[in-house]
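*Asks:* Below are the chains, spelled out letter by letter.
2 protein chains.
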Amino acid sequence: MAKTAGRGQGQVEGLWGVIPAGGSGTRLWPLSRSAVPKFLHDLTGSGRSLLQSTWDRLEPVCGNRLVVVTGERHADAVRGQLPGLPGRCLLAEPSPRESMPAIGLAAALIEREDPDAVVGSFAADHVIQDVAAFQSCVREAVAVARTDMLVTIGIEPTYPAMGFGYIRLGEALPVPDAPSAHRVRSFVEKPGRATARRYVRSGEYRWNAGMFVVRASVLLDLLATYDPALAAGLRKIAADPDRLDELWPTLGPAVIDRAVAEPAAAEGRVAVIPATFDWDDVGDFASLATLVHECADDAPGLKVLGQRELVVSQETTGIVLPRSGRTVVTLGLDDVVVVDTPDALLVTSRQRAQDVKAVVDILKTQGRANLT
Amino acid sequence: MAKTAGRGQGQVEGLWGVIPAGGSGTRLWPLSRSAVPKFLHDLTGSGRSLLQSTWDRLEPVCGNRLVVVTGERHADAVRGQLPGLPGRCLLAEPSPRESMPAIGLAAALIEREDPDAVVGSFAADHVIQDVAAFQSCVREAVAVARTDMLVTIGIEPTYPAMGFGYIRLGEALPVPDAPSAHRVRSFVEKPGRATARRYVRSGEYRWNAGMFVVRASVLLDLLATYDPALAAGLRKIAADPDRLDELWPTLGPAVIDRAVAEPAAAEGRVAVIPATFDWDDVGDFASLATLVHECADDAPGLKVLGQRELVVSQETTGIVLPRSGRTVVTLGLDDVVVVDTPDALLVTSRQRAQDVKAVVDILKTQGRANLT
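Those protein sequences? They're chains D and S, same order as listed.
Count the first sequence with the working numbering and you get residues 864 to 1235, in order.
Count the second sequence with the working numbering and you get residues 864 to 1235, in order.
If you are wondering where the hints come from, they were derived from the structure by calculation, not from laboratory data.
C-beta atoms are modelled at their ideal positions from N, C-alpha and C, and glycine is treated no differently.
Among the clues, some could well be false.
From chain S, some residues computed to sit far from chain D (all C-beta separations above 12 Å) [unchecked claim]:
| hint | residue |
| --- | --- |
| 1 | 885 |
| 2 | 959 |
| 3 | 1037 |
| 4 | 1038 |
| 5 | 1067 |
| 6 | 1104 |
| 7 | 1137 |
| 8 | 1172 |
| 9 | 1205 |
| 10 | 1216 |
| 11 | 1222 |
| 12 | 1231 |
With beta-carbon atoms standing in for the labels, derived distance ranges [what the hints assert, rightly or not]:
| hint | chain 1 | residue 1 | chain 2 | residue 2 | range |
| --- | --- | --- | --- | --- | --- |
| 13 | D | 1019 | S | 1025 | 51 to 57 Å |
| 14 | S | 957 | D | 1160 | 38 to 44 Å |
| 15 | D | 1040 | S | 1197 | 53 to 59 Å |
| 16 | D | 958 | S | 1161 | 54 to 60 Å |
| 17 | D | 943 | S | 1022 | 58 to 64 Å |
| 18 | S | 1188 | D | 951 | 43 to 49 Å |
| 19 | S | 1157 | D | 905 | 38 to 44 Å |
| 20 | S | 898 | D | 959 | 47 to 53 Å |
| 21 | S | 1161 | D | 1178 | 27 to 33 Å |
| 22 | D | 1092 | S | 1197 | 50 to 56 Å |
| 23 | D | 1171 | S | 1188 | 25 to 31 Å |
| 24 | S | 1197 | D | 959 | 34 to 40 Å |
| 25 | S | 1156 | D | 905 | 20 to 26 Å |
| 26 | D | 958 | S | 898 | 47 to 53 Å |
Whole structure, please, built from the sequences with the hints as guidance.
*Replies:* Structure (structure tokens):
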């Protein structure tokens, strides 16, 4: 990759955006499939897929310093959705290895291009509506990252979620241009209900949205401390990208939180920018329903993601995704979820939305993996 | 039609079965459509359509003295389902005129073939499982019909139905070979809930299943008394079937209950054979659900009408009709109704099954009549 200095009005010089585009969004089946996963879908009715919206959020601050890391089988779809992405900025993983090798490979390549580069990693399948607030947090995070800390963005909890990990805030950090920065005391796993309530009440915790901003060299040096083989492997590939297929299979799978963020936090080397913008990882259809507007016109309480005119609804609340071109009629149902695709139909309730994953597992064990 | 005496062991000599095959089964949409109405569907999983099952019930008592009356647009489908039906025994109505002209035309044609003939009219879209009990009632009804009465078969109510008309029993009739025959005091319209309860408690009422057994000549003579123009028109067509297209449009629509049965009952000329066999007119999906066996194996409380292997169900009760070849997944729903067809999907509850008709009306007003 050729170095391109970011000098646009809103661009942050030296900031490289990294977009890991992975995950299958199993709880959004049958909309999301392993062949066409969540990040390739428009889940908000905006006309842009989650991947495209992620690009749209980052392009104003990163310019053309944007790298997407995805699985080989999705590389063509990513290219199709992001025609502005230079070929050298699309990294195709030969096999899935979780987030650390994906982000680490991008960082290792960027480090060789631009030894001072700061990388900001933001998943391709999250939804953020307040783009200005997001970008403002990114700018603060970059300012802290330049002090050689690993920086995360922590989302203010709006309810005691049990589906996310949390970040415990430490003391405020005196970094110029980052007035809201705090040190991270620790990362904590997905809590039970009572613990989640306590976290939210305390005001000391933020949701861990998996956003990391850090100098490329700092990330790899931290990784070299905690997992020397992985760091060395990634730097070897960056030195000779032709060896990707040879070396990638030797890298163990690893998640960036556990591989780097948690041990670095224990050493006091992680900062957090507490954020107040909306954020959702659109984990299931109940979560998706909160992002879609009601059909206030003639079907109060009903949300339709797709062609509104395909849905004829009487006294129904919930969400309908008409994605097969067929007419969908719902009558007298509360909080229903109907997902209509050309080869599979799901009918459930918002309350059971998180259990869709279990059904997908059943489909796999029943030899219906072609549907998943 | 050539006269064919019924001398088979179980056949009833001189009995002609008439099967009016009409009605669209709107509350069974989107399974039942105006183009492929209820009577053409297998609604019990028996492998035979309702029309074919009606044929199967009548053939042992009528032999080849069976006539089907249907709309012109369904004549080909009827021929396809009943390959044993001689062409001359399929009467195609040029336009819908309700039950009296349909049954009356069959009776007028049969009357010319066989002046002593008794006709038994049984709708093509009802379900009766106990065929032997049905046939036994038909034999009793024929014995009474030979005394020149109009005879109906009244179904013992199993619950205070509000969707059926009722027949009020009068005194027992001393007819040889018809030990259970009673005179009909009156026909009563579909009652409200309290009235229906009173009817059932009293033991004096039977459901009106629209089954009539009567000499062809008696039926037309009664009609000549109450609606001389209609009777004359039907007999004119029978005398010269080539005039069907010319004369049919001049006949007013009329329902046999109102045109003949009710006024004849007022004169004491109607008898009833009280029946105890199961009977269902499969009016809606709730009614249909009672006819389909549970998937006791792995989905207790769920009924599937169609390819069982297309349905993957977790903690769901209700009924699923997988008719599009797609996989249908249901999760955590009570008493749901899912009808999956190639161009339309219905999701509702058993409680709301009878309101499906209103949705079909909406589709028509919205210019989606092609779906109905």
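*Asks:* Hint by hint, note whether the structure agrees.
*Replies:* Evaluated hints:
no.	hint	verdict
1	885	holds, 25 Å
2	959	holds, 25 Å
3	1037	holds, 52 Å
4	1038	holds, 48 Å
5	1067	holds, 36 Å
6	1104	holds, 42 Å
7	1137	holds, 36 Å
8	1172	violated, 9 Å
9	1205	violated, 7 Å
10	1216	violated, 9 Å
11	1222	violated, 5 Å
12	1231	violated, 7 Å
13	D:1019 - S:1025: 51 to 57 Å	holds, 56 Å
14	S:957 - D:1160: 38 to 44 Å	holds, 43 Å
15	D:1040 - S:1197: 53 to 59 Å	holds, 56 Å
16	D:958 - S:1161: 54 to 60 Å	violated, 35 Å
17	D:943 - S:1022: 58 to 64 Å	holds, 59 Å
18	S:1188 - D:951: 43 to 49 Å	holds, 44 Å
19	S:1157 - D:905: 38 to 44 Å	holds, 40 Å
20	S:898 - D:959: 47 to 53 Å	holds, 49 Å
21	S:1161 - D:1178: 27 to 33 Å	holds, 32 Å
22	D:1092 - S:1197: 50 to 56 Å	holds, 54 Å
23	D:1171 - S:1188: 25 to 31 Å	holds, 26 Å
24	S:1197 - D:959: 34 to 40 Å	holds, 39 Å
25	S:1156 - D:905: 20 to 26 Å	violated, 42 Å
26	D:958 - S:898: 47 to 53 Å	holds, 52 Å
In this structure, the hints that do not hold are numbers 8, 9, 10, 11, 12, 16, 25, in rising order.
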